[in-house]
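J.: So the chains spell out like this:
Protein chains: 2
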Amino acid sequence: MASDEFSLIERFFRYGVGPGDGVRIGIGDDGALLSVTPGEELVVTVDTLVADVHFPAAGAAADIAQRALRVNLSDLAAMAATPRWFLLALTLPAADEHWLAEFASGLAEAANAYGCTLVGGDTTRGPLAVAITALGTVPAGTALPRSGAAAGDWVLVTGSLGGAAAALAEMQERGGCRAGSADLDARYWRPEPRLAEARALRGLASAAIDVSDGLLADLGHIARASGLGAELSLEALPLDAAAAARFGVERAREWALGAGDDYELCFTVAPQRAGEVQALIAAGGLNATRIGQVVAETGVRVRDRHGRWLDIAQTGYRHF
Amino acid sequence: MASDEFSLIERFFRYGVGPGDGVRIGIGDDGALLSVTPGEELVVTVDTLVADVHFPAAGAAADIAQRALRVNLSDLAAMAATPRWFLLALTLPAADEHWLAEFASGLAEAANAYGCTLVGGDTTRGPLAVAITALGTVPAGTALPRSGAAAGDWVLVTGSLGGAAAALAEMQERGGCRAGSADLDARYWRPEPRLAEARALRGLASAAIDVSDGLLADLGHIARASGLGAELSLEALPLDAAAAARFGVERAREWALGAGDDYELCFTVAPQRAGEVQALIAAGGLNATRIGQVVAETGVRVRDRHGRWLDIAQTGYRHF
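Protein chains in written order, with our numbering: chain A, 992 to 1311; chain B, 992 to 1311.
In short, the hints are calculated from the structure, not lab data.
Heads up, the beta-carbon is just placed ideally off N, CA and C, and yes, glycines get one too.
Taking beta-carbon pairs under 8 Å as the criterion, some of the chain B residues facing chain A (in silico):
1. Arg1015
2. Leu1024
3. Leu1033
4. Thr1039
5. Ala1069
6. Val1110
7. Gly1111
8. Leu1126
9. Pro1136
10. Asp1201
11. Ala1216
Chain A with its partners taken away, still in its complex shape (with noise of 0.2 Å):
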């Protein structure tokens, strides 16, 4: 790291953001050194937000360091883990020193949040990018992989899908960077990642992933990894609220089977565990929807309340 650029992160991130916990080193050294707790396992994962790919370049800078947090946090919630560590990687334009105190606060408000402290980085020159490397801890053998569905599991998803859509639609009417509505603003750029849900989870699903690209293609990734397919029914699918009553139930389910972003849990659970799910969901301890099922024939397909296969080529739901 050039010391011009180390003195950056280290002006603008080395307090405040984060309790701390498990951190011998933090941000000033060449590496950070930190402590696993034996009995636990760790998660690792990676996301780079690009500006004008995975977020509007004109955003709030509070925002868009909220965001990659909170994104990178989802993958740790979909492995079941809790969110421990977290190093960034900024591309920057410039040392625009506004921008970079307004990042700064934003990335301390959701560290704090979620309990997770940064403990390094780097930045560098260049056309404004995000990457956040995000480290979790979960009880040894309890993470939720892709790859643990079986035949005749349920699939449910947690929470309501095509908020980030029906956020980023009224951002494209409005031609700025915040949607009309506080509640769809918030499902765009602070979206929840659904740690609490994934804890609950632990040892009762089969297999998890968050819906980042859409609820077709992640459930498609979890279809694939268990080497199985599954069908879905349009009818079940939880909508955002807000989005159905902007834009209509039939675009709402649009979005929810083909946009991303939303950020919720689909998950699967074998149907003799399915009852401690109900259960669990009964109880209030988890909002969750049954929303399919994994069946043996490979792909996802959904079908409508008539009970018809709908062509999702045709329909353009890949589209999004």
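Starting from the structure of chain A, add chain B where the hints point.
T.: Showing chain B alone in chain A's frame:
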């Protein structure tokens, strides 16, 4: 991670990239699932290499991959950690299959040479940049921080300095991405992370850093982190033989002090432990040279053979 990006990483990097030790889930899930042995601590570091800032964009793809991984492993060496795993965030202007195949081959060669495994990553479209997150482990309590130096400690450096700068100067002369000699070319494109040296220094050195920005700057980090200063002997600097032969001793010394990219280890050792280090060197177990000492007065100063202090600002050493 978008699905097409995912398949790119999976297609080119899934097989043969490292030995897989401690990997419970590798590439192809939301995150990697890793086992850290009890009694070991985790070291994590990230460094982004941007084309035409940190390497010539026209360099061979295999060389770029080699350099990117080795530079990150050098940060692990500076903490005395053993490389275990890494993640790759690759930004590419286009998905050039030939380039990617070459890059993957260079990456696999370096990963296998150093016993570490690619466990995740993503690819995004944009100007060429390679961000690697490297993870290593170290027996608890034996990592080498920057902050452990004390006044009176010896200052040593491994190997030799100035070779990478000489390689860059040759490339500039020749107008290409290859130095004139294979030795110098390797100094730049395939720097040797000093992992074995760092292991030998666990529990023995008081502080360590890798020389990425230049000896003066990097020793300055140790000095500042320890609240002290350092004095170096110009005569004692171990110069890269090819650099000195090709460009003269004076130029090689300037590079040794001010140029970076050599990725040697600069470390300090308490006088009462210096005998152990000397014994290691004498026995051939450590290639290192004593170049100065830690002093109470802050700042890093260099004395010539007449005992005069160099005016570092005047000599322009800082500008390399």
